[in-house]
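Chemist: If you want the building blocks of each chain, they are given just below.
Number of protein chains: 2
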Amino acid sequence: MGQRAVDYRREFKITPEQANGTAVNIVTMVFGNMGNDCSTGVGFTRDPGTGENVMYGEYLVNAQGEDVVAGIRTPKPVAEMKDEMPDLYRQLVELRNKLEGHYHEVQDYEYTIEKGVLYCLQTRNGKMNAQGMVRSSVEMANEGLITREKALLRIDPESLEQMMFPQLDPKHKAAPAAVGMGASPGASSGKIVFDADTAVKRGRGAGEKIILMREETKPEDIHGFFAAVGILTSRGGKTSHAAVVARGMGKPCVVGAEAIHVNVHQRQAIIGDKVLHEGDVLTIDGGTGAVYFGDVPTVEPEFTPELRTLLGWADEIATLKVMANADTPDAAQRASNYGAMGIGLCRTERMFNAKERLPTVLEMILAETTEDREAALAKLLPMQRSDFKEIFRAMAPRPVTVRLLDPPIHEFLPSEQTLIDDIEHLRHLRQTAQGLEAISQILGQVNPKAVEQLGILNDSHLVADVLAKKEEILQKARALHEINPMLGHRGVRLGLTYPEIYKMQIRAILEAAAECMQERVNVHPEIMVPQVCTVEELKRVKALVDEVLPEVEAKYAVKVHFEFGTMMEVVRACLRAEEIAGVAEFFSFGTNDLTQATFSFSREDAENKFLPFYNSAGILKDNPFEALDTAGVGQLMQFAVSNGRKTRAGLKVGICGEQGGHPRSMRFCHYANLTYVSCSSPRVPIARLAAAHAKLLEGEYQP
Amino acid sequence: MGQRAVDYRREFKITPEQANGTAVNIVTMVFGNMGNDCSTGVGFTRDPGTGENVMYGEYLVNAQGEDVVAGIRTPKPVAEMKDEMPDLYRQLVELRNKLEGHYHEVQDYEYTIEKGVLYCLQTRNGKMNAQGMVRSSVEMANEGLITREKALLRIDPESLEQMMFPQLDPKHKAAPAAVGMGASPGASSGKIVFDADTAVKRGRGAGEKIILMREETKPEDIHGFFAAVGILTSRGGKTSHAAVVARGMGKPCVVGAEAIHVNVHQRQAIIGDKVLHEGDVLTIDGGTGAVYFGDVPTVEPEFTPELRTLLGWADEIATLKVMANADTPDAAQRASNYGAMGIGLCRTERMFNAKERLPTVLEMILAETTEDREAALAKLLPMQRSDFKEIFRAMAPRPVTVRLLDPPIHEFLPSEQTLIDDIEHLRHLRQTAQGLEAISQILGQVNPKAVEQLGILNDSHLVADVLAKKEEILQKARALHEINPMLGHRGVRLGLTYPEIYKMQIRAILEAAAECMQERVNVHPEIMVPQVCTVEELKRVKALVDEVLPEVEAKYAVKVHFEFGTMMEVVRACLRAEEIAGVAEFFSFGTNDLTQATFSFSREDAENKFLPFYNSAGILKDNPFEALDTAGVGQLMQFAVSNGRKTRAGLKVGICGEQGGHPRSMRFCHYANLTYVSCSSPRVPIARLAAAHAKLLEGEYQP
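Just so you know, the protein sequences line up as chains A and B, in that order.
Here the numbering used here is used: the first residue of the first sequence is 89, the next is one more, and so on.
Here the numbering used here is used: the first residue of the second sequence is 89, the next is one more, and so on.
It is worth saying that the hints were derived from the structure and are not from the lab.
Even glycine gets a Cβ: it sits at the ideal position worked out from N, Cα and C.
Every clue listed holds true.
Label-pair distances were calculated between CB atoms; the ranges are:
#1 A631(B) - A556(A): 51 to 61 Å
#2 N425(B) - A737(A): 54 to 64 Å
#3 E607(B) - H569(A): 45 to 55 Å
#4 E651(A) - H513(B): 52 to 62 Å
#5 Y191(B) - A737(A): 47 to 57 Å
#6 G787(B) - R566(A): 51 to 61 Å
#7 N351(B) - A556(A): 17 to 27 Å
Residues from chain B that keep clear of chain A, each with C-beta distances beyond 10 Å, as calculated:
#8 Q152
#9 P165
#10 E182
#11 M251
#12 V352
#13 F381
#14 D383
#15 E404
#16 L450
#17 D460
#18 L507
#19 D510
#20 E588
#21 T763
Straight-line alpha carbon distances no greater than 25 Å define the calculated DSS-like cross-link-like pairs of lysine-lysine that follow:
#22 K709(A) - K630(B)
#23 K564(B) - K306(A)
#24 K627(B) - K709(A)
#25 K709(B) - K630(A)
#26 K627(B) - K591(B)
Isolated chain A (complex conformation) (with noise of 0.2 Å):
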């Protein structure tokens, strides 16, 4: 059989006579297999897997196209051809550059010789790998090949996230063992543990790969965060606390894998009819949620030259600025790797969380009076006032925004469960050991022998003061409880109501500033306020800062500058921006929370309980907290940005919310005159791409 000679797009046949003319619209049937002047072969015009420009392809001689793919004999590299057919490559040559040359994109290419005579059967823009697309935009811009801004658009700013993450090796076969929701990317294989004691041990201790596998997180498991590669938990959606610390840290992360039943008291997982110990192997994918057995190969990311050139492009053609989201220092000297203009969001809780600090925390939480909380705030104070210096040294002379406690204060207790179930088993020791002091009597009326062989707790004392300890924890717990936390007391209204805490914060944050003035070090530190609806609210911090400024000003005898700001992340803010922006330097958009109280969705319930169906039943096209709802959440904002500027021109407006790293949010994002974006440091380059993307597009952009 002959082989057509036709693309269904375009086709080319190109004999030696019109190697440097225009190819012409012949169909015709060749054959490459009518001896050995004939061969067939596939090409790309450049090595798909890195980009380098190189002649990529193999061919056989003497054979059809079906050949080559059957498998039945094995094809020889193109470079052999060199030696083999000098003609015939330098044919080979040629057509690759005219194709390239009329496409300006690498090529997908099959072509077959007959007796001497080269026919391009077919050619398709090439599927290649996000580090083979930017070497190759890089180099055919660099050769002229395409613009700068054609190199730009033509890579998807997602595909980037292979080059930031260790990734599943894409030639794996495993089948998953669980599929819960990929929270945050990149792909890890480790040893399982239960809590974050023993992740610490044998992980930092022992040096082992460790995956930290709990129902869900609580802030007194950030140690263990530390020492995994890789946290896997059976409940919580995308915002719980282990999706979103695991994301702070870029450490891969799957939530809500409710098939695993764990079992931290037994130290077992159950998946299916398997049950897994301490210590037994799995791979997870925090890009797709997958759970497997065992230890699945991964590749490892690399930040190439290439990606940095391409970046640089990016920024200057991008008008809306990358920030990013970085809560320690270490997050930030990550942040300003990713080449992150700022730091959008530093959230000062994270830095409650610290096991050694937590203790101090409790303290303040339990304190009955304000000066008892003034006590242990003081002992904060350094603590935070170090890592803010540390945060603004890493970014200086970038901007670093910090935002003043949000969550709400019993979100750093243990969980009630947790409470009561210590609770019961200390009462229970204490009854068992009461219980049996008591029958000992009766006992030693009948026998006295019988008494040893009940044997009694003596230790009952002790246990009577740690249940005191844990009951009044709890009792605190209890009274802190909320129906509705995300719409409870916390952010401002905390701030206002305990204004020792922000205060404390504000002169961490004003001091660290002052320090590093000293120390010659440029510092643009900006105290954003969370969770405001009145302007009023913001007013109130504002007199906090006025008081606590001259204090720090006269005892380092600097002036500090720095910017005040607002959350724009409750609706009512976005509907007051006018009379807001009075008072706030500054907006950021806390796009979670504002999609969640725009819709009236709890992400976590949502995303467990709902939304999954609402997608598919297409009642929503999209999940509102991966993509902006440009129809509802981003009218908000557009309102809230032009009365924003009606009061302040100019005013600096960026999201922090996590569509803030989302390519087709930041299209919205450029087109609503944003200021910037902020998003997690390994999407920083996706979306200095985005950022380019979305103003080389903006023509043509419809929300």
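Following the hints, put chain B in place on chain A, whose structure we already have.
Modeler: This is chain B only, laid out in the frame that chain A set:
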């Protein structure tokens, strides 16, 4: 000492010569103690207690004003002056007529008679109770002294609450023992009981007046509400179960009286250092939230003929219609008595709460398959249908808007804590039984007699059965558990996930309407969908209606007319009103939920934790759950009204949140061109008067 005949506003001096003339401004000193032709007195131009048009007041012969006030001598009723000083009495009548003729308002005046000359010392508008105001309004209008408009405007709508509910006797001197939140107005005294069953036993059975007192209430307590004269809880806010149900029933209710420690197990409550036992008497004031020891006297309300007349005038003037929120046939009847123009909100879930229905509801919740769920729903269908039918009949020919199931289904289960406690108790029973068995073996070896001393429980099998059931329910409760139930799996989200629930309810509504039509009752049912955030949800529910309707019409051989509409209680729905009005034939603003979402305030958490502080510190002027936040929530409403009417001119728009019955909020509703408000039955008269005020004062309204 003489008295200065001067009113700080105006002065009168009336002599016999001037009795028909104009009052003259003269400052002079007059004396009522210069002999027996002198006297001093005070009076109201009408009876301030009843409003009756009679001479009202007291006088003292040969005395000064301070003698009346000092109470040294007992003054005589003014009627005696008619015989004692007929000429002066005639002058006094003339003065009274002149005062009312001049001020067009009931006057509270003082006078002195000096040697046969009547001097008016001062006059001011008389302070009267609501009943007095209403009767005098109607009579002054009928006498031609004031217009009907003036008759309506001179009464504060809120004051009518006095005429709807029993009130504490204004003369009581009791000091509150505790103060919670007034959650449902009216005052009542009764013997406290700690659970619903005892409330029924003592309230219905023994005919005692009962106050049901609990930490908080749950749907399974509902029979206790019916049996009680008042509800008192130590936890929860104004939207807690207790508050909402009590308001619906029009029973006095105080919630969140945190100074009271209720211990159901010990059947006692502690207030301060006082321990209360079941049967002790308390009085609660659901208006102020005050709780008193013992029986504080109350006065009964009266819906007078004058009030009926006045509200009839109000209805003629008002353009804003007044509907009632009513969930049961009884409540519908009460709403009708109060002059409701229809039912704006009939909450179907209340019908699930009846004690005899809860097991069927539980069956529905525990169902693991659609078939099992449908089987349970088939049992609920006739119950809902017969409720709807009675409600439709009670309101015919006025419209009845039925809201499909709204709350998350876990609300129908006992609380997790209750279940855990029960299970713990059962386990303990079982363990004790087992433990004692084990110990009895040891003892048996030593001294068989001792076994009897310990006793052995033999009911461990029964315990195991109950335990298994409780554990099944707990497991379900945990599976249904939500982090933020207010923003969770409820309303239309639930209705689309389990369409069989909404289909049952739609069928019950349409069949009830069809049966009424067959009986020639003129019905106007409306089907309303809660928690809508996108038009697509509404289309899907409409498709369910379109599926059920032909079946019902075929079954009853009638054409059923109804309207199909939506709650507007999700911010996003307001933003997408233009699309939504393409499917919805009416909007009803659920301003409770809309306010929660707009402020990101969970009402229960806010009112318990920070809203009182926000109000007292002036951060927020009002509680936005009581007075509509026109600057924020109001903007969303206006946006929705105007955009909805772009699609559907003349779209019917109402409000059924609690603010709907609040006079100041109603002025905004009138301004925003709403069609109707819907409020709890006893607020209907208040709202009818407020609707007239809103119309009469529309020119001077500023939102």
